[in-house]
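Novice: From first to last, the protein sequence lines stand for chains Z and C.
Numbered according to the working numbering, the first sequence spans residues 1 to 981.
Numbered according to the working numbering, the second sequence spans residues 1 to 342.
Just so you know, the hints here were simulated from the structure itself, not pulled from any lab data.
Heads up, some of the hints might be wrong.
Unchecked claim - Under 8 Å between C-beta atoms, here's a sample of chain Z residues computed to sit facing chain C:
hint: 1; residue: 4
hint: 2; residue: 10
hint: 3; residue: 13
hint: 4; residue: 14
hint: 5; residue: 18
hint: 6; residue: 27
hint: 7; residue: 42
hint: 8; residue: 46
Even glycine gets a Cβ: it sits at the ideal position worked out from N, Cα and C.
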Amino acid sequence: MSARPSIDELNDRVSAARAEVEARGETFYPGASRVHLAAFPPKERWSDWVELDSRAWPERVERRYMLVPTTCFNCESACGLLAYVDRETLEVRKFEGNPEHPGSRGRNCAKGPATVTQLTDPDRILTPLKRAGERGEGKWEPVEWDEALDDIAGRIRAAIDEDRHREIMYHVGRPGEDGFTERTLAAWGVDGHNSHTNICSSGARAGYHLWMGMDRPSPDHENAQVILLVSSHLEAGHYFNPHAQRVMEGKKRGAKLIVFDTRLSNTATHADHWLSTYPGSEAAVLLSIANHLIRTGRYNAAFVERWWNWQEYLEENHPDEAVTFEAFQQVLGELYAKFTFEFAAAESGVSAETLAEVAEVVAGAGTQLSTHNWRSAAAGNLGGWQVARALFLLNALLGAIAVPGGTYPNAWNKFVPRPIRMPPRHPKHWNELTWPAEYPLSLMEMSFLLPHLTRQRKTHLAVYFTRVYNPVWTNPDGFSWIEMLTDPERIGLHVALTPTWNETAFFADYVLPMGHSSERHDLTSYEQYDGLWIGFRQPVLRAARERLGETVESTRDVTPGEVWEENEFWIELTWRIDPDGSRGIRQFFESRERPGEKMTVDEYYGWIFANSVPGLPEKAAGEGRSPLEYMRRYGAYEIGRTVGPLYEERVPEGEMADVSIDGAGRAYARTGPPPSPNVVPMPPLEGDGEGRRRVGVEVGGVVRRGFPTPSGRLEFWSGTLAAWGWPELAVPGYVRSHVHRSKLGEEGMCLISTFRLPVQIHTRSANAKWLNEIAHTNPLWVHPKDAVRIGVGTGDLVRVETRIGHFVVKAWVTEGIHPGVVACSHHMGRWKTGDGPRQNMATVALHQEGSGWGMRQKRGTGPFRSDDPDTARIWWTDVGVHQNMTFPVQPDPISGAHCWHQAVRVRKAGAGDRYGDISVDTAKSREAFRQWLELTRSAAEHSPDGTRRPWWLLRPVRPERAAYDLPRPAGNGDPNRNGPP
Amino acid sequence: MELFRALGSLIEVPAAEHARVAAALGLPAVPTAAEHAGVVAQQRYPYASVYLGVEGMMGGEARDRIEGFRRALGLGREGGPRRGVETSADHLASLLGLLASVDEWRREESDSARKALLTQARVTLVWEHLASWTGPYLASFEGCGVPFYQAWASLLGDSMARLDREMAFPDYLPAPLRGAPDPADPRREGGPAFMGALFAPARTGVILLRDDLLRLADETGLVCRAGERRYVLNSFLAQDPGAALEWLAAHAEDWSGRVAATSPAPVARWWSDRATATARLLRELAADVETAPFEAQCAASGVQNASSGVQNTSSKSHDATSDVRSAAPKASTSVSAAADVR
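Let the hints inform the model, and build the full structure from the sequences given.
Specialist: Dropping the structure here:
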């Protein structure tokens, strides 16, 4: 027997073997995380992976797969998926996580793997459909793509040619992509982007935006000492899977988790400190913690002095004070002194002792405090944006901003690669339906007011796209949406782009089937840790066929039926809008490689990956691939990590030509902006009026990058709020919510209607059978004390009365809810009036008499025969209640966000009430709209510079500067009431 | 040393990549998944907590200690600057991977103070969390019947011995060994405690595998019932406590000798002494059985009987569907596969 080599020799051998294998881009050790997640197939075997067929058990039948990455489309987290494509049949058999994805790292929630059930949904829309009867009548006929495209393009072309740009609107749910569609609208010169954001995250985002110029938090949970979540973010929030895994890693490292949640959610059960705050009191609690930090001197005074705009605050608000930091500290203490633990306890219902304990935990975090608020309290309450302001105040006090374990601005952890042929132009017109003058500070479009604004202003939309969006169901006041969609005076043509039937599509003129996550191209990048990455969504069967050597001309060639992808649709539509290129639109969708021909998605993404993603070409070349091939193979690329505190970064000499520094320390230079491949939205900052551009802010004698705010610093005091009519709310503060106890009356309760169920996602997952089996109803959470008062037990019917109507739902009596508050998840209550999807939708009868509407469930879901044997196994009938229809619009006058929480009365259901009943008077909806409108301070009266909106605030498809000017008043001074300028 | 990371990877579920790792190390052909299951997954659980914890189970304080050590190193950021370190703290692959990583960080560290800290961390990792248990653990592979694992255990043992020669270890025992309670005496602590402690190596100094119980049955003629280890041993004690205790005592004495040279001297001595003490206790108990039934000894403590429940099951000991005679180890392994890690 030969002697074994020495330990050193063996070490050298194995080191050399590893280096050699990894140099080829292959995996030396099995699995990405070899102990617990050892099941990932190594990437070098993704083209031919063998697994036993579980359905053949107990026979050992091998199946061969191609593993093709894509990106989940079921929520905005954009987690990586690996599609298992059967090499024999070229069908997708299942989805698992993509271990190469930097955000999700191979982990997924239930919604990712459930994608396969959406692909095979027997009720899927497989061909373009055209309305055959009246809108909403449910009669459809198949239509060729060509016919639909020509019709739609013709109407858009006419609108553009006749200067009716405002009549084109694209209304998007969660975009799930970065930039393609906004680029399309910019190419058309149309200010027609309309997002759902003001019913979602814009309240919190307005708060963040006002603080730091960027509108989203990017918490570094995994390195935090203290994690503070104002939400059930750990189970169901935005980016929750990538964040949740990092929250748990942070906890494993010893971090303390503080959760503000009125409900005992799954997130609350994981908390070290769970605060069941009364809805709307969150800011008061946060400010009491801030007061504790200030009062006890436990804040990072050096950071505050360095980076807050305290000088500006003192100068504007305390002109008699010396402008010294000591004076500011004194004022700061006085400002928040009233937010005692006792005050916060009275507002929130959480004891002062508990609040003091939690404040101490926060005080001990140092700079490692990661915080997050996305919707939750900020989306529920009047003044909800102040929740985010108050939450970020804690980070700002501790200096826990863009440092390990702190909270970063999203734009520094997000990478949007510059696309090919970026349209340089901005729309010339201002869209008053989405950006009305009453809401000059609205973070995003006032989308949920559309039925009211089109009625009030007698506006007509020639072409209205709803894209993977279902406002009839998702938005408040759904009957007003139905009234609008069925009114040809207001909606000329409604085109629903959707992979799945929904309540809004029932009222469309065209229903155009679009692909699910494995059937479309998109680019994504989200703030999920301190790093930069891009994810690539792709039609996996297209990529699989190309791996086999086939050429695929169009994604439509590999999708079921006539399903298409949006990007190719937009390219085709644009060419038909501007067939000869004379309108200057088509050029943005022309091939650079083949002038005069259409750009392909391969060219579009191939160019981006080759030219706008640093490091990717080199990485790909190292494996002998083109950048596009690399992305088709791995589905994601990490550009960098550990971005760090960019605000401290010194502005390089090369950007400092003819520098000028003003009295506030803002530095301007004549140098143009350095070319950047990252076009993540950032606020445009004013120059110095002499041709210089803002480059940074002088801090500590050095010009640093600072923050993209008017002051260049963190804006504790918002000069923007002060100048645009809200000086009393210009610092982080507490606004008593519209559901504050003092406003509810004797029998009033607060209804929380915004929380999600972890396995569902608004309307997108309605056809996912696995998910529906897990969660399919939404009972009303009622505290036992309230249940006794109301006289109901679990399962009893209750009538929940809102301002405009009522709904009837089952009670679930639980101590997991704050007394005086009821809660109902918004995920359920899908419905149809006739034929339609059979999974998880009730069949209902609609009744209208004038402004009075009623809905009654005729039957729930049930088993049915189809190609899928599982549909015969549906064992449940209850699909929940559509509560949103009974909610009036409640727009916050500053952020523009819908304030979801409802002041309600809850009664035991009467003899005539039936489960799922809904009753609404849309005349009352209009009255509610008018009353909330009265809270606003319109730009017409309050604009400090004659514009509609502060120029520096973020805005999708930003119009040209002249379009910001308010029209000259011809009557009462309100530009909207006078009609278009 | 990369060698440790490579050796760690080989105790995981076999994958195709293992072939080239094994080839680089000159090891025999990699085992099949069934061999891994039979030798490792169902018998030699590769988690430190099983061998260092007072309950002989995965997790608990023994794992917490290691997690605390990782936190002190600033770990827990998967994919962070210290990428490649596993997150399952007390798995042997994690510990060996961490050792390789600490070596790398130490090599790359330019700051002398931090380098010194990493040097100390390396000593702590090896002494407290690896050398404290790998000696007896690797000894348990002797006679496992799969050449790959025998060669792997031999190579890892040699590599650990090399560390023993190179490193200056503390002059006190690793904390888990210092704090490990003695084997439970059923006469004072009752039957369940005794039974639990028998499967906690940190209390007995002995690793008692499922294969060992099969040998016990084979050599004593007792009926081996299908079930987890504790259940099987209970049934032996119900059938013939004297024979079972004698066999266990002999097994502990054998262990005392087997572990005597597998670890750094103080650690090896601790394991050997502990096994000897266990053997002594078992001999006493076996002798007492001559004068009083074993159940009575346990009952005397007023604590629940070790073999409670055994009476019921032993009355069915002729049920052919559940009894397994310890004939071929292969067959018995497959029958008992479902039980035990907890």
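Novice: Now tell me if each hint is right for this structure.
Specialist: Against the structure, the hints:
1. Hint status for residue 4/Z: holds, given a least beta-carbon distance of 7 Å to chain C, under 8 Å.
2. Interface hint status for residue 10/Z: upheld, as the beta-carbon distance to the closest one in chain C is roughly 5 Å, under 8 Å.
3. The interface hint given for residue 13/Z is met, as the beta carbon of that residue sits about 5 Å from the closest beta carbon of chain C, less than 8 Å.
4. The beta carbon of residue 14/Z is positioned within 8 Å of a beta carbon in chain C (closest approach about 4 Å), and the interface hint is therefore held.
5. Interface restraint check: residue 18/Z against chain C, minimum CB-CB distance 6 Å, threshold 8 Å, status holds.
6. For the restraint placing residue 27/Z at the interface with chain C, the shortest Cβ-Cβ distance is roughly 6 Å, inside the 8 Å limit, so the hint holds.
7. For residue 42/Z, the suggested interface contact is upheld, since its CB lies about 6 Å from the closest CB of chain C, less than 8 Å.
8. Checking residue 46/Z against chain C: minimum C-beta separation of about 13 Å lies over 8 Å; hint violated.
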